[in-house]
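Undergrad: Spelled out from the first residue to the last, the chains are:
There are 2 protein chains.
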Amino acid sequence: MDTPSTPPAGALRARGFAFEEIARDGAARRGRLETPHGTIETPAFVGVGTQATVKGIDPDAVARTGTQVLFANTYHLYLRPGADLVEAHGGLHRFMGWSGPLFTDSGGFQVFSLGASIDHRVGKVANIFPEEGSESAVGGGPPGSVSLRRLRNRTSMVRVDEHGVRFTSHIDGSRHVFTPESSIAVQRALGADVVLAFDECTSPLHDEDYTRESAERTHRWAARCLAAFEAGGPRHAHDQALFGVVQGGAFEEPRRRSADVIAALPFSGVAIGGNLGRSHADMYRVLDWTVPALPESLPRHLLGIGDVPSILAAVARGVDTFDCVTPTRNARNGMALVRLDDDGVLQPRGRINLQNASHARAERPIEATCDCATCARFSRAYLRHLFKANESLGPQLVTIHNLRFMARLMREIRDAIEAGLFDAVVRRWLGDGVRARVR
Amino acid sequence: MDTPSTPPAGALRARGFAFEEIARDGAARRGRLETPHGTIETPAFVGVGTQATVKGIDPDAVARTGTQVLFANTYHLYLRPGADLVEAHGGLHRFMGWSGPLFTDSGGFQVFSLGASIDHRVGKVANIFPEEGSESAVGGGPPGSVSLRRLRNRTSMVRVDEHGVRFTSHIDGSRHVFTPESSIAVQRALGADVVLAFDECTSPLHDEDYTRESAERTHRWAARCLAAFEAGGPRHAHDQALFGVVQGGAFEEPRRRSADVIAALPFSGVAIGGNLGRSHADMYRVLDWTVPALPESLPRHLLGIGDVPSILAAVARGVDTFDCVTPTRNARNGMALVRLDDDGVLQPRGRINLQNASHARAERPIEATCDCATCARFSRAYLRHLFKANESLGPQLVTIHNLRFMARLMREIRDAIEAGLFDAVVRRWLGDGVRARVR
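So the sequence lines, in the order shown, correspond to chains A and B. If you read the first sequence in the numbering used here, its first letter stands for residue 2, the second for the next number, and so on. If you read the second sequence in the numbering used here, its first letter stands for residue 2, the second for the next number, and so on.
Hints were generated in silico from the structure; no laboratory data involved. Take these hints with a grain of salt, some might be off.
Copies of the same chain look alike in the list, so a pair counts if it fits in one copy or across any two.
Keeping only pairs whose Cα atoms sit at most 20 Å apart, straight-line, the calculated EDC-like set for lysine to aspartate or glutamate is [as the list claims (entries may be wrong)]:
(1) K389 x D173
(2) K389 x E42
(3) K389 x D85
(4) K389 x D162
(5) K389 x E364
(6) K389 x E21
(7) K389 x E88
(8) K389 x D424
(9) K389 x E253
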């Protein structure tokens, strides 16, 4: 395998970046990731701003929820408005009015989930733990994600070969190609603080042989991404950090192999992506195969996961950051995250549907104990009215609550790790029975 | 005509209310309308929050635009979520999180514009000055307003008689009745600071005879509204002020007669409603027939008008407040209000369509001289991207700009009246040629 020989693996090398572990409790890490646009206290939840906006939320309001960092999508922004336009505006931070840290993905996820593989006719949206019933049981697909049935019936929109991926725009049917080099070029133009290597996202419908072959190709692409990243250099005043992506599906050998390969490459951080299996238990196994192989000195990101049990389990295994559309997407459907049930017991998957008639006259806020701008001012009945009247302020206010919910959860986790009490947080949220499955 | 005999006409009598004229320039008045929820510096633009929300805008963000007062719709809130629910929540202010002054209309406008008269099959939406071409030339219809063609083809949804109006819900087809008494009861339950008498809104397709008969009925309803208002009393901790509504269409004799009748009744303010004709010139004539007949001591509101030439012309004739959906509705379609053209000349009907390709790469804000939260942070290109990507942050950010535009316009008008320079403002905005038509 060709890898650039100059930089040492396992060190965060970009200018303006540093990762420091400031406390540890078991394998759980309390860290601090410095970026040119500010410091991310970890563990942290990364809010999703697919099209250079957290849907419906002013970036200042996003910041007021305590959200420290946002994730934007290379695939979407490449197609619309175009990376050159964003670059001409001085980059994504300035374009979208967000002065804090930003991640961009590589475009691979959307290429495979919004398109469909010709040979396998599935996308990463299959990664929804069907055995656990609900799509939102853990994580969830991207905005506009499609069902497996639709993927199977769709004519081919994606072709993969060693060079890269040919795909068809979901917007206008135009044809495009992403390669490791072009993905990096687009992400250099966008100018996020953290950018991701271009990978192929396999799904639970891929067998072990395909998953292994795909992961090996992703490793070759990883080396090409590193080379392109160094050759191109930053196009904005600040430097960027390139994270590698571990693939290998839910198969032990390919997943362990991928973790070893990505760990040995001179990335500034590592993201864990692809198919994590069909259940929480599968995902925890994948993390157990992966995380111990990763360099201690680098930040670790888990892609597309944002439910409370998964976050607690992943933090327990040493993951630092998470992104997921579920908290914001659910909010737009009136699903508000709540910590407590009516008896005051923590609910790790607690949420209420504000469209339910039971909230029609409820004067209480989503959560009496929440300090968000929504709970401070609005009743469940008012929020339900907004959804029933199809008023966009409803999704806006619930999104703010759910982002605040995630920020408070992560702060609780950080404080607990610092105090050496992370285990108590896990037990409080999940109880001993569930905890046994998490640990 | 039966009128309550106790209270004197022409005095603002509600507790917690006062109207003071603090400067005058010709007939233009610089006033101050005190309400239980704060003072409105007049002339003022009233933002429209039809369904207890300015569409897509957090009430705190509305306040930050300098918008002093909002207008909510009795018809909509009666149907959904119901006045009893709002009352149980402590009233509209608390329900919608707006602590400033609030107006509610009587429901009459929506009954006639969302329904259709059986005899005439038109609604007030006809009041769009068809001779001047564009629907948005002056004012505009309510949210969800329908074209005359659609109204003509619609089966009857509204029946008017002396008792009141039977109408069909636009939401679920259920049958309802509004009377002067029930409109006041609903508005007492909602608890806005300023409430309006229940009137019939005639349209340009009504002839003079029907318009005269309708106005006489509206006058009888006005007396019933006053009686019901006094008999019911406030249902919240604060008092409310009842404004009468002048009708009479664009016909001189009925309009003058209506102004005289309403002026003689013991209302706390007067609104000018109904059909104002088919052109700006028609509207100015209607104002010339109406305003001089109104008590000096009472605030005067012009219903449904919000374009710059009309506001300047109406202020010049002594109108104090205005409401209109156009600034916010246009914003949701990407139409941003601008003061200057590319040569720096004031444009009284200036607006740009942010969806136009010409803005695709424009790094400048909507207006370089605007101090709104949108212009301070976002380029036209970013706003265009949001509209093209169907992102609700686009309508939100442009609405904030347009509300700020209106607030700045009204402040400029207030400052000019205080300085005795209102004529210069009219000349600056409209030029001598247009000014001749305004004056």
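Undergrad: Does each hint hold? Answer for all of them.
TA: Results of checking the hints against the structure:
Proximity of K389 and D173 under a CA criterion of 20 Å is satisfied inter-copy only: 12 Å between copies versus 32 Å inside one chain copy. In the homo-oligomer, the alpha carbons of K389 and E42 never lie at most 20 Å apart, since the shortest distance is 38 Å inside one protomer and 35 Å across protomers. For a Cα distance limit of 20 Å, the shortest separation of K389 from D85 across copies, 17 Å, qualifies, whereas the shortest one inside one copy, 40 Å, does not. In this assembly of identical chains, the alpha carbons of K389 and D162 never lie at most 20 Å apart, being 48 Å within a copy and 32 Å across copies at closest.
In the homo-oligomer, the alpha carbons of K389 and E364 lie at most 20 Å apart inside one protomer (16 Å), although the nearest pairing across protomers, at 38 Å, exceeds that limit. Taking the shortest Cα distances, K389 and E21 never come within 20 Å of each other, neither inside one copy (47 Å) nor across copies (41 Å). Taking the closest pair of Cα atoms, K389 and E88 come within 20 Å of each other only across two copies (18 Å); inside a single copy the shortest separation is 40 Å, beyond that limit. For the identical chains of this complex, K389 and D424 are neighbours neither inside a copy (41 Å) nor across copies (47 Å), given an alpha-carbon limit of 20 Å.
Taking the shortest alpha-carbon separations for K389 and E253, neither the intra-copy value of 47 Å nor the inter-copy value of 44 Å comes in at or below 20 Å.
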